[in-house]
Amino acid sequence: NVIFMTVSTGVGAGIISRGRIFHGHFGFSGEIGHTIVEPSSPVRCTCGNRGCLMALCGTLGLSDRYELCLREGMVSKLGFRAGEVPKIDGMLLEEGVKSGDEIASRLFRESAEYIGIGIYNIYQVVNPQTVILGGGLMRMGFGFFDLICKKFNSLVRNMVYEELEIVLAELGTGAGLLGAAFLPHRGEG
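Here the sequence shown stands for residues 2 to 190, numbered as in the working numbering.
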């Protein structure tokens, strides 16, 4: 029982249960990006709700959150001004952290916490043995993965639970293509 969670432009998950892909009633299982992890967030998701994991951690949402910080008066060491924020991806966020950009550092920490909350939520519902994290944001350094695991562990600290293995994907950006190519061989494509 495995969850593959990707954090990139959006946030999504694939659920493997008993060796088979779980599709759900309409084929929409794994839409973890639309689970709400921060109900009071001012950031609106593409689905219309506020505080969705995708709106807070996907690269589209990171740009909105960076813009919001600038409008609140924070200063960008990356030289961005309100109304001129480009798409914030993992490389740009990592560059901001490296250069001491206060906004990038805040988004980095908060994103790790939100992803940790998302893993906790899916763990409580699906109870997987392993969660594999992939996607562009998961390639960031500076302890991003460790912060995610720390948040998850802080949420389960007082619970009796089976040890969850949280690991980083090893196949990189081609993983989705490899998986799609393999599906017909399993009778699922």
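It is worth saying that the hints were derived from the structure and are not from the lab.
Just so it is clear, the structure is predicted and the values come from calculations on it, not from any experiment.
Heads up, a few of these hints could be off.
[Claimed, not checked] The calculated lysine to any residue pairs, modelled on SDA-like cross-linking and capped at a C-alpha distance of 20 Å, are: (1) K152 <-> E166; (2) K151 <-> L172; (3) K78 <-> R51; (4) K152 <-> G74; (5) K88 <-> D65.
Structure-based check of each hint:
| no. | hint | verdict |
| --- | --- | --- |
| 1 | K152 <-> E166 | 14 Å, holds |
| 2 | K151 <-> L172 | 24 Å, violated |
| 3 | K78 <-> R51 | 28 Å, violated |
| 4 | K152 <-> G74 | 28 Å, violated |
| 5 | K88 <-> D65 | 9 Å, holds |
In this structure, the earlier hints numbered 2, 3 and 4 are contradicted, and the remaining ones agree with it.
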